[in-house]
Amino acid sequence: MDFTNPFHNTEKNNEITGWEPVLGGQLAEKAVWVDEAKCIGCQYCVHVASNTFTVDEFHGRSRAIRQDGDSSDVIQEAIDTCPVDCIHWVKFEELDNLENSLDRDMFQTFGKPPRMNKH
1 MDFTNPFHNT
11 EKNNEITGWE
21 PVLGGQLAEK
31 AVWVDEAKCI
41 GCQYCVHVAS
51 NTFTVDEFHG
61 RSRAIRQDGD
71 SSDVIQEAID
81 TCPVDCIHWV
91 KFEELDNLEN
101 SLDRDMFQTF
111 GKPPRMNKH
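So for the sequence shown, the UniProt record's numbering puts the first residue at 1; every next one is plus one.
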């Protein structure tokens, strides 16, 4: 692998493993994840790390939108401000399973009336 250009993979299979030193030559071993089922929509994390977190417009819950949006220190500060401890560092390999485990259809929206079936 050519480490002088982090976006150039010289291996034959061209498989991206997630361990490439893409940002500043540092290996990214962990990802940030919001357990939206526990989130209360306070938006503290968005105010601290606005390049990493956003609030879902419909459900009113936080979500990590960029893993490299803010420095690790700023993301950790956002994690520390969460009053319900719903933001976690996880392994990148766990992200898909964690996202798939959320049933957003069961979420109560914050600040909006609940969805009603129209007859």
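Hints in this document: simulated from the structure, not taken from any laboratory. In this text, a Cβ means the ideal position worked out from N, Cα and C, and glycines have one as well. Hints are supplied without guarantee of correctness; some may be wrong.
[As the list claims (entries may be wrong)] Label-pair ranges, simulated between beta-carbon atoms:
1. Ile-65 - Ser-101: 10 to 20 Å
2. Asp-103 - Ser-71: 10 to 20 Å
3. Asp-73 - Asp-103: 27 to 37 Å
4. Leu-98 - Gln-76: 27 to 37 Å
5. Glu-77 - Ile-40: 16 to 26 Å
6. Leu-95 - Val-74: 11 to 21 Å
7. Lys-38 - Glu-77: 11 to 21 Å
| field | In rising order, the numbers of the hints this structure does not comply with | value | 2 and 4
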